[in-house]
Structures are given as C-alpha cells and as structure tokens.
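S.K.: I would like the entire structure built from these sequences, with the hints used as guidance.
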Amino acid sequence: MKARSMLLQVAVAYLMPLLLIFSIFLLIRGHNEVGGGFVGGLVAAAAFILHAIAESPKATRAHLPLSPDKLIAVGLSIALLSGVLALFQGNPFMTGIWLKQPLPVIGKVGTPFIFDVGVYLVVIGVCLHILLNLAEDER
Amino acid sequence: MIIDLGWNIIFGLLGLAFILTVFRLIHGPRLPDRVVSLDLITAEIIAVISVAAIRANQPAFLDVAIILALISFLGTVAFAYYIEQRV
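These protein sequences, in sequence, are chains A and B. 1 is the number of the first residue of the first sequence in our numbering; add one for each residue after it. 140 is the number of the first residue of the second sequence in our numbering; add one for each residue after it.
There's no promise every hint is true.
What follows is a set of in silico ranges between Cβ atoms, one per label pair, in the way DEER data are often shown [said to hold, decoys possible]:
#1 Q101/A to D172/B: 57 to 65 angstroms
#2 A13/A to R163/B: 30 to 38 angstroms
#3 Q224/B to R61/A: 19 to 27 angstroms
#4 A217/B to N32/A: 52 to 60 angstroms
#5 R225/B to N91/A: 54 to 62 angstroms
#6 F25/A to G145/B: 31 to 39 angstroms
#7 A219/B to K70/A: 27 to 35 angstroms
#8 M140/B to I97/A: 46 to 54 angstroms
#9 V175/B to L103/A: 41 to 49 angstroms
#10 W146/B to P17/A: 36 to 44 angstroms
#11 A59/A to I148/B: 43 to 51 angstroms
#12 Q9/A to I142/B: 42 to 50 angstroms
#13 S189/B to S5/A: 24 to 32 angstroms
#14 A195/B to A13/A: 34 to 42 angstroms
Some chain A residues flagged as far from chain B (calculated, every beta-carbon gap over 10 angstroms) [stated by the list, open to error]:
#15 I24
#16 E55
#17 A59
#18 S67
#19 K70
#20 L81
#21 A86
#22 F93
#23 M94
#24 L103
#25 D137
Partner residues aside, some chain B positions facing chain A, computed with beta carbon under 10 angstroms [claimed, not checked]:
#26 F200
#27 D202
#28 A217
#29 A219
#30 I222
Think of the hints as simulated: they come from the structure by calculation, not from any bench. As the structure is a prediction and not an experimental result, all values here were calculated from the model. Glycine included, each C-beta is placed from N, C-alpha and C at the ideal position.
M.R.: Structure follows, in structure tokens:
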C-alpha cells in the first residue's frame, strides 16, 4: 500500500463523519422502524474500512477508541448486562424494562435499546477484526 | 390508466439502462471498463429503489438507497486499488 490518492483522502474526511452519523441514526431508530444495531454497526464498520483504504490500516487502528477485540468484549458485556437488569426486578432473564418518560432525542429507552447498542459494538468489532487483519497482511 | 403507463415507461427505461450496462460489463474490452459499468449498475439500482419507494409509498426504502450511494464508491475504490497493484 504505497500510493495514496489525495482526492480519496479528502473525500473520506467528509464522508466518514456522515457515515458514522447515519449509523447512529439507524441504531437509534431501530426499535420501532427500519434499522437497528446490526445495520448501524455494518455502516459504521464500512466507514472505518473506507478510512483504512484511504489512509492505512495502522492509522485506522490508531483512530479507534478501543481495539476491535475489546469492542467485541465490551459489546457482549453490554448485551449481557441488558438481560441481567430484569433479574433484579424478579422478572425472567431478558424481560424488557422501559422508562416511563421518553427521552427528547432518542425516544423510548429500555433494555432492548441497550441490547441493540451491544449488538452495534459487537458488529463493528467483528467486521474490523476480520477486515483490518486481512488488510494488514502484506505479501 | 395513464399512471400505470407512466410506471411501465419508467421501469422499462431503467431496465433498458440495465441491459446496456450489463452488455458493457460482459463485453467490456478492458478491465477498467467493466469496473466503471459495475459502478454504473449501483447508480441504476439506486434509481430503481427510489422509484420503487415512490410507487410503494414506503420512505423506508430510501434508506437503502442512501446507504448504497454512500458505500458503492467504496467498491469502486477497492477495484481501482487492486488494478493499480496488478499493473
């Protein structure tokens, strides 16, 4: 990976925030309409892969707040936590608990939404783990 | 009805565009021609999705078109990268 295209770098600098915002929009809209954690995670992973092509896989790793395998771990823990919360109320595992009052931007918040956030992180982590390792494998 | 005729004309023209592009994809003399035709196919898919969203009165379909428009250029860039590597 030697020749970097300046056109691509400039385009990605504008495109990547757009993709990330759209992925979060998909995640938040998930429970009542089309969208959800999985689709949002895929879009966010595509944004990072675009960055990896334009710059380099190493630069993308430096950009990530957590390494991909840690993202998988954190996502799974969040998903598990959302299920465990119901146990404290004496309900079966993974019963949905909802806030009575919807929040201004996000809308109705409950444990299914937290589960979705976990799925979002796991999908980003898995995609980046596979694709960055493949991209770094120089012949 | 005149509206039905309109839908038929729109989908017919889009289908014609697909046929012409796929012809270039199969026949394209060189590899870059094929890559450009693949890129054009995604643009046509976006057009079909937009028309289908209007016809079905489903704004949700437009999300697919947005994602395709944002991502499709990733595929073309990857192709360009590997063509450059090969030469």
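S.K.: For the pair A219/B and K70/A, does the Cβ-Cβ distance stay inside 27 to 35 angstroms?
M.R.: 33 angstroms, holds
S.K.: Taking the minimum C-beta separation from S67/A to chain B, is that value above 10 angstroms?
M.R.: Holds, because the least Cβ-Cβ distance between S67/A and chain B comes to about 23 angstroms, which exceeds 10 angstroms.
S.K.: Falls inside 30 to 38 angstroms, the C-beta gap from A13/A to R163/B?
M.R.: 32 angstroms, holds
S.K.: Mind verifying the non-interface call on M94/A? Its CB should be farther than 10 angstroms from each CB in chain B.
M.R.: 27 angstroms, holds
S.K.: Any Cβ of chain B at or closer than 10 angstroms to A59/A, or is the non-interface label fine?
M.R.: The claim holds: A59/A sits with its nearest Cβ about 16 angstroms from chain B, beyond 10 angstroms.
S.K.: Mind checking the hinted window 24 to 32 angstroms against the Cβ distance between S189/B and S5/A?
M.R.: 29 angstroms, holds
S.K.: Beyond 10 angstroms from every Cβ of chain B: is that where the Cβ of L103/A lies?
M.R.: Holds: least Cβ distance 23 angstroms, greater than 10 angstroms.
S.K.: Please test the hint of 31 to 39 angstroms on the beta carbon pair from F25/A and G145/B.
M.R.: Cβ of F25/A to Cβ of G145/B: about 33 angstroms, so the range 31 to 39 angstroms holds.
S.K.: Looking only at beta-carbon atoms, does the pair A59/A, I148/B fall within the given range of 43 to 51 angstroms?
M.R.: Holds - the Cβ-Cβ distance for A59/A and I148/B, about 49 angstroms, lies within 43 to 51 angstroms.
S.K.: Once the shortest beta carbon distance from D202/B to chain A is found, is it less than 10 angstroms?
M.R.: For D202/B, the interface hint holds, since the closest Cβ of chain A sits about 6 angstroms away, which is under 10 angstroms.
S.K.: Under 10 angstroms, Cβ to Cβ, is where A217/B needs to be relative to chain A, so tell me if that hint holds or is violated.
M.R.: Result: holds, 6 angstroms to nearest chain A Cβ.
S.K.: Measuring Cβ to Cβ, find out whether A86/A lies farther than 10 angstroms from everything in chain B.
M.R.: 30 angstroms, holds
In the structure shown, a violation is registered for the earlier hints numbered 4, 30, in ascending order.
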